[in-house]
Amino acid sequence: DTGVSQNPRHKITKRGQNVTFRCDPISEHNRLYWYRQTLGQGPEFLTYFQNEAQLEKSRLLSDRFSAERPKGSFSTLEIQRTEQGDSAMYLCASSSGQGANTGELFFGEGSRLTVL
Amino acid sequence: AQSVAQPEDQVNVAEGNPLTVKCTYSVSGNPYLFWYVQYPNRGLQFLLKYITGDNLVKGSYGFEAEFNKSQTSFHLKKPSALVSDSALYFCAVRPFSTLGRLYFGRGTQLTVWP
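Chains as they are written, first to last, in our numbering: chain A, 1 to 116; chain B, 117 to 230.
Wrong hints could be hidden among the right ones.
Stated by the list, open to error - Only pairs whose alpha carbons sit at most 16 Å apart, straight line, appear in this in silico EDC-like list of lysine to aspartate or glutamate: (1) A:57 / A:78; (2) A:14 / A:104; (3) B:174 / A:78; (4) B:165 / A:78.
Stated by the list, open to error - Distance windows between CB atoms, simulated: (5) A:87 / B:170: 36 to 46 Å; (6) A:66 / B:196: 46 to 56 Å; (7) B:185 / A:20: 10 to 20 Å; (8) B:133 / A:68: 41 to 51 Å; (9) B:119 / A:87: 45 to 55 Å; (10) A:27 / B:133: 40 to 50 Å; (11) A:55 / B:130: 19 to 29 Å; (12) A:53 / B:132: 42 to 52 Å; (13) B:193 / A:20: 36 to 46 Å; (14) B:186 / A:83: 38 to 48 Å; (15) A:60 / B:146: 36 to 46 Å; (16) A:66 / B:128: 34 to 44 Å; (17) B:145 / A:97: 13 to 23 Å; (18) A:80 / B:133: 32 to 42 Å.
Source of the hints: derived by calculation from the structure; they are not laboratory data. Heads up, the beta-carbon is just placed ideally off N, CA and C, and yes, glycines get one too.
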């Protein structure tokens, strides 16, 4: 399968612990996005990378959240000192240059975080 | 502020009947408009887009959408629904000024019964 891959698919953690999610985009895509989706809501933008550069961050991305894309390929999203409000589905998407200009994103299946 | 509204949480339709899933938006400048579909335990999938030109755009699986600038709407339509169309549908808007960030609606659950 050559689609967007996210790991782990489900993470259960205790409040205060750190968690990290990984996203492997489609190999030829240079743009990568993180979104968060809670039950009954549409995806909310978190951050966007073009190659290794983080070009945009949402105000939703508090200082406990950090995202990296060190070599312009895979990306990680780390949440420090998790809170129950962080429980959500974290979605990764990627696109080519043309796709990003027109919003055609390819999404992974998501990583579900449950904070107890 | 940019926003997308999907006024119906659920739409139910009989197979073979036409379907409409509604979407209205508020965005500064000219928008790019999209529909995505989410099947159970699957990632969001791109369905169709409006960038410019003809107000009626056609997409995957026989879906189409009509852009109405005066009403700021972008309703999703299909002439004849299939049971397999049952899924969660999201409308999204990308303001012209952004780098690719999409604003999504809350989603509409479409159920097509046999």
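#### Entry: Hints not upheld, ascending by number
2, 3, 4, 7, 9, 11, 15 and 18
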